[in-house]
Amino acid sequence: MGDEPTPPGDLGTETDGGVRTYTVRLELVDEPGELLAALEPIAENGGNLMSIHHERGNITPRGHIPVEVDLGCPPDRFDDIVAALRENGINVIQAGAERYGEEISVVLVGHLIETDLSDTLLAIENETSAAVLDLSLSAPQGTGDTSSARVRLAIDSGRSEAVFETIRSVSEEKDLTVVEPLLGGDA
Amino acid sequence: MRLAILGAGDVGRSVADLAGEYGHEVVALADSTNAVIDDDGIDVEGALQRKRSGEPVGVDDPDDVFEGEYDVLVEATPTTLGDAEPGFTHVERALEADRHVVLANKGPVAERYDELRALEDESAGSIRFEATVGGAIPVLSTIEDETPQAVTAVRGVLNGTANFILTRMAAEGLDYDHVLAEAQDLGVAEADPTFDVDGTDAALKFVILANVLSDGGFALEDADVEGIQNIPGSALNLAAEDGRTIRLIGEATREGVRVAPRLVPQNGPLAVTGTRNIVQIETRHAGSLHSSGRGAGGPETATAVLSDVSRLADR
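For the protein sequence lines, the chains are A and B, in the order given.
Heads up: the first sequence runs through residues 67 to 253, numbered per this note's numbering.
Heads up: the second sequence runs through residues 2 to 316, numbered per this note's numbering.
These aren't lab readings, by the way, just hints derived from the structure by calculation.
Treat the hints with care, as some may be off.
Stated by the list, open to error - Here are the computed distance ranges between Cβ atoms for each label pair: (1) A:Asp146 / B:Asn268: 31 to 37 Å; (2) B:Gly288 / A:Leu115: 35 to 41 Å; (3) A:Ser202 / B:Glu191: 31 to 37 Å; (4) B:Pro57 / A:Leu203: 55 to 61 Å; (5) B:Asp146 / A:Ala228: 33 to 39 Å; (6) B:Glu173 / A:Asp142: 45 to 51 Å; (7) B:Gly218 / A:Glu169: 34 to 40 Å.
Claimed, not checked - A short, non-exhaustive set of chain B residues, derived as facing chain A with CB atoms under 7 Å: (8) Asn231; (9) Pro233; (10) Ser235; (11) Leu239; (12) Ile247; (13) Arg263; (14) Leu264; (15) Val265.
No residue lacks a Cβ here, since even glycine has one placed at the ideal position from N, Cα and C.
Given only the sequences and the hints, what does the whole structure look like? Please build it.
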């Protein structure tokens with residue numbers, strides 16, 4: 067999903083019976099039976115499969131296959147479904163938008179061009195479970211001086227601290243300043 | 002209560018000036034070289050007038066303050082790092098004489114918290130230090146009311162100078178050096194703004210908060226501190242494209258203290274502007290509480306000192 071920007075996941079549409087639709091974005095290893103292993107926990111936990119978008123042609127930065135599943139279930143069962151997927155060893159990239167797949171932005175400051183920005187981004191993608199969704203660069207003094215970049219990342223739920231640690235160590239090597247988002251509380 | 006005030010800077014002078022209004026009496030006022038002491042109450046107006054015109058505040062020896070008839074020692078001498086002297090010794094002498102102490106000086110509470118509490122345990126007096134964190138904003142008394150055990154984290158903006166600089170940079174698209182010079186012209190930033198912009202001042206306050214949450218164990222060297230000197234105007238512009246801005250945010254938990262420039266929602270509670278401060282107290286049972294207000298200034302900080310004095314009087 068590195069080269070394919072994901073639209074911000076929708077929060078699900080409420081239907082008459084209190085069943086909502088959710089979109090779950092998974093990342094599967096390219097092996098037989100993987101898709102079945104990913105779908106079983108959904109059915110077993112009371113979810114109703116609505117559509118499966120299996121992007122065989124696309125490979126994520128880690129060499130896996132992105133799969134998007136739309137399902138319907140009562141809101142109180144959605145957590146169980148996601149937990150069951152994880153227990154089955156399935157990598158859940160994004161689940162029902164904000165609560166699971168986290169999208170975070172960081173701002174990097176320093177000699178971004180001279181220290182090879184694309185190498186910096188690759189290092190972040192390769193060493194963490196993050197995918198770069200978009201990038202905005204500002205170099206008002208020219209590329210040879212200090213510049214700033216805002217990088218929007220998609221992160222697996224609960225992995226943000228690990229991702230920040232990687233970003234910090236990559237940035238330290240290149241003498242970059244990292245402005246992290248404030249998570250936690252209702253900041 | 003009879004107050005002995007050590008330190009005749011903005012805070013000490015304001016405490017002396019406002020004490021009467023709060024129903025307290027000033028029996029001593031001292032700066033580092035001179036003092037005026039009178040067990041029947043000093044002439045505050047006269048002492049302040051002398052201080053304003055550059056004369057000695059009085060003819061007494063500051064050391065004699067400790068021999069006087071006071072109930073509460075107000076420690077408002079400048080904050081020092083490391084051994085936090087002479088503030089620490091002032092507190093020690095008052096507690097050993099079984100008097101109460103109210104601190105506006107951050108040094109002893111941030112750097113030698115455990116020693117202060119040990120001295121307090123041996124004394125009939127108590128220490129309070131609301132004024133050390135967030136000036137007029139009732140941060141510590143809120144934590145005390147919620148009980149520290151029920152508070153999971155305290156986050157916020159507790160340095161007005163750094164916040165003023167970031168706010169101006171974001172609003173005007175200017176760079177750090179330009180805005181710093183402007184802040185110095187306006188008197189918002191000091192001639193040497195190092196402690197404000199490198200995060201040390203905010204870190205001291207969050208170290209105090211971590212000490213309160215954990216009942217001790219923290220000093221400045223335990224804090225992870227980054228300042229705002231490396232933040233260019235372009236970084237704030239990029240943040241704004243995403244509906245965010247950058248603030249120097251401190252965080253205190255039982256695990257540690259961190260102060261760093263962070264991305265926060267532009268319209269979120271923590272994105273206070275100008276020299277305003279804000280704290281977010283995250284509680285176990287009552288969600289997050291926010292208090293915002295003036296975190297510095299003589300009369301503002303003096304109100305926190307006098308609230309502490311009143312709490313001691315009510316015990």
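Okay, the hints, checked on the actual structure:
Distance hint check: the CB atoms of A:Asp146 and B:Asn268 are about 35 Å apart, consistent with the given range 31 to 37 Å. Distance hint for B:Gly288 and A:Leu115: a CB-CB separation of about 37 Å, consistent with the stated range 35 to 41 Å. Roughly 35 Å separates the CB atoms of A:Ser202 and B:Glu191, a value that falls within the hinted 31 to 37 Å. Take B:Pro57 and A:Leu203: their Cβ atoms lie about 60 Å apart, and the range 55 to 61 Å holds.
Checking the proposed 33 to 39 Å range against B:Asp146 and A:Ala228 shows it holds: the Cβ atoms sit about 37 Å from each other. Restraint check, B:Glu173 to A:Asp142: a C-beta distance of roughly 49 Å satisfies the suggested window 45 to 51 Å. At roughly 36 Å, the beta carbons of B:Gly218 and A:Glu169 sit within the given window of 34 to 40 Å. Interface restraint check for B:Asn231: the shortest CB-CB distance to chain A comes to about 4 Å, inside 7 Å, so the restraint holds.
Interface restraint check: B:Pro233 against chain A, minimum CB-CB distance 6 Å, threshold 7 Å, status holds. A cut of 7 Å between beta carbons decides the hint on B:Ser235: the least distance to chain A is about 4 Å, and the hint holds. Here the hint on B:Leu239 is kept, as its CB sits about 4 Å from the closest CB of chain A, short of 7 Å. Given hint, B:Ile247 at the interface with chain A, holds; its Cβ is 6 Å from that chain's nearest Cβ, closer than 7 Å.
Satisfaction of the interface hint for B:Arg263 is found here, the shortest Cβ-Cβ separation to chain A being roughly 4 Å, below the 7 Å cut-off. A cut of 7 Å between beta carbons decides the hint on B:Leu264: the least distance to chain A is about 4 Å, and the hint holds. The criterion of a C-beta within 7 Å of any C-beta in chain A is met by B:Val265, whose closest approach is roughly 5 Å, and the hint holds.
Hint check: no violations occur; every hint is consistent with the structure.
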